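Asks: Protein chains in written order, with the numbering used here: chain A, 1 to 458; chain B, 1001 to 1315.
Bear in mind the hints are in silico, worked out from the structure with no lab data behind them. Some hints could be false.
[Unchecked claim] Simulated coverage check for chain A against chain B, where a stretch passes if three residues somewhere in it have a Cβ under 8 Å from a Cβ of chain B:
1) 155-164
2) 210-219
3) 361-374
4) 410-422
[Stated by the list, open to error] FRET-style restraints, in silico, Cβ to Cβ:
5) A:Y428 <-> B:K1083: 50 to 58 Å
6) B:T1234 <-> A:P221: 21 to 29 Å
7) B:P1144 <-> A:M337: 34 to 42 Å
8) B:F1306 <-> A:G129: 38 to 46 Å
[To be verified] Straight-line distance between alpha carbons at most 27 Å, and here's what the computed DSSO-like set of lysine-lysine pairs gives:
9) B:K1095 <-> A:K209
10) B:K1112 <-> A:K210
11) B:K1065 <-> B:K1310
12) B:K1071 <-> A:K399
13) A:K181 <-> B:K1065
14) B:K1011 <-> A:K450
15) B:K1083 <-> B:K1095
16) B:K1083 <-> A:K399
17) A:K189 <-> B:K1095
Remember, predicted model here, so these are calculated numbers, not experimental data. C-beta: ideal position from N, C-alpha, C; glycine also.
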Amino acid sequence: MEELGRPNNEKEAIQMLHRYNMDLLPQKFGIAGKIWVMLLLLIIGVGLYYYIQQLRYGLSVTGLSDTVSWGIYISNFVFFVAVSLVGSLITAVLHLLNISWRAPLTRISEIIAVACIVFAGIIIIVDMGRPDRLLNMFIHGRIQSPIVWDVIVVMTYMTISLLLLYFPLLPGIAFCRDRLKNIPKWQHKMYIMLSFGWQNKPEQYNVVKKAVTIMSILIIPVALSIHTVTSWLFETTYRPGWDSTNFGAYFVAGAFMVGAAAVIAGMYILRRFYDRFDEYITDKHFDRMGRLLVLLSFIYLYFTVNEYFIPGYKMKGEEGEHLRALFTGHYAPMFWMVQIFGMIIPIIVLLFQRGRKPLPIFIMAVFVIIGAWFKRYLIVIPTMLHPFLPLEQVPESAKHYAPTFAEWSITGASLAGALLIITIFVRYFPIISIWELAEERAIPHETIYKHLNKSDEK
Amino acid sequence: MKNKFFILLAKIKRHRVISIFLTIYAFLIIGEKIALSQENEESPDKLSLSMNLSTRLTNNIRSIKIEVSRKENEKFVSVDNLKSPFNLYLNEVKKYDPIEGTGWLGNLILNKKGEGVFRLTSNFNDLTANMHEYTFIVKMDSDPIYEDVEDQITVSVAKLKLDYLGDDSIKTATATLLAYNEDELIPVTDIEVKLYIKRTFNFLPFGEEGLSTDENGEVSAELPLDIPGNQNGTITIAAKLEDDDSYGTIEVIKVVPWSVLPFVNAKRERTLWSSGDNAPLPLVIASVTIIAFIWGTIFYLVYLLFKIKKLSRIP
């Protein structure tokens, strides 16, 4: 799997550009792709059906109660917010640091960020039970409330993420508009509308680059805010397990870790199912992302030690009871599985170069992602079941929480929905940014402006 | 006609992903309807119900609560599709007898949870003043899905009084439980009666746990003095006999004067716990500045987007 090198002269540069043009056009799905889409639609269909049931009968179709009023919907929300942070990590941080291997990964991370933040917004509305009450947040919202901060920051991050995806995509959309033949009319119209009159002019590229730089700076504090504010939703509530000063940094570290894992998983799947993508997403990319994931995992491990094991040394009062439930009690199997499979094993495997080869790193990334979802479950549910005030005069059912099938279906549908957004995007738009890749491979700007999106010249 | 069919077929083919999705979804919904109708039609033997009755006397107003459920897969589930009314009778199933005050009292249709509450009017007590025991019979028949069901509950008449005595240093609530022995009201001893103070969402118990009535039928406890009342200078206290086998639930709720007023932000101070329009100024200024800066930049980015479009028109 040879990596594409840098051109020695203009002729080579033009040839490289033509090759990118050929390789990176969005492709129609094969059988596997169609089955995948059908499967996602099926999961979404079942979830929608149960959501309608929830609208009809209220949150009584869920396992939520007065005691556990935040269940897997909120765990899922935190998970989505965490994964969405990847947009800022890969695009903004690597862009500002001028990391030279980032181009094939930026759009993957941006679309993951957009899909996840959209569904973070949706799942929180699902959790409200009555979606119409969202309006109350805007009519009666108090600026003192962390929930209002969260709504503001989610909307802001969603907007910036969309713009960060859209600006560098403009040449790609124009590329599809001009190059894709034999496509349905609606698809062509969509490209015309979305390309915003892009003409491949140097001045237009300059505007895009300026916008990307502005957004790369802007998105970092907003991205840090979104996950910090999400952590404050818990932290400002006086409950065992949430009464921590470590939470903001802990959440951000965990989000970067799972976000990097999500990009690695996306890289592997694209490379596996798209011809010639191994020339663009190379073993070197997996190796670099592996190193990044190890670094982020170590940071997360450091915060985990501070979050759990130092309070565990003291085991004071209700906090101790909550920690005992995690370490040796009801939640111990899940807790230790999350720590071992979601953090320790990936760290050990990825420390070795062989572990950073595409398949092992993909498996480790999947471990990290699954571990991260259950980690959010452990953050939300055990604490809800261990309030400082004793659970008196409540029915026995309120002392336990088990998500119902309806909850699992709706949660599954939200995850499938995020994957469907990514899938549809890959089907209709170039998932690797050709002009950014060309710039990264030192193809002169003039050549890019002149020859990008032109296939007939030899 | 044939042409239309082929056009439709071609459309379906073009949008096959959406079509398949809609088909699956339609199957799900139709499947549920068929399952429900089968459930209703399949069994010529009607489904059986289990009914639970309870009575409550709140400030001398009596109510009878009906809860029905049915067994499905070894679990009790609520019944949400009952259309037939449930009839309430006093002492025997017959038409209402205005002289004795017995017979049919009324009917109701249960809610989607399979629950319903009969609330008897205040003159029920006057009409049945000579009775010291009631037997309430609840009956439902002729439902197309469910078997006929009938149940009854018998309660002895008891009276619960709540007295409040308060000065600045000690405030005491005393509940007295009396029941009929032949025609005379006598104290009921050794029965647990709980005392409560009403808070925003629920009743907060006070006094010793497990307080039982003494030889005078009384329980007594001091009220905690640090609990704030409402802005009118009152507080609501309650005495409750809960789920007793002989008397059912009896509760007395009473509003009494109270000197500890709730915290009122009279000066409309700007605090974290004030209303939205009284948020602390530094917080408002910081939030507005940050939001304005970030959204201002976002609007600038949108302007750049239109600049790109404009540039495409320049030759």
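Asks: Looking at the structure, which of the earlier hints fail to hold?
Replies: 3, 4, 6, 7, 9, 10, 11, 13, 14, 16 and 17
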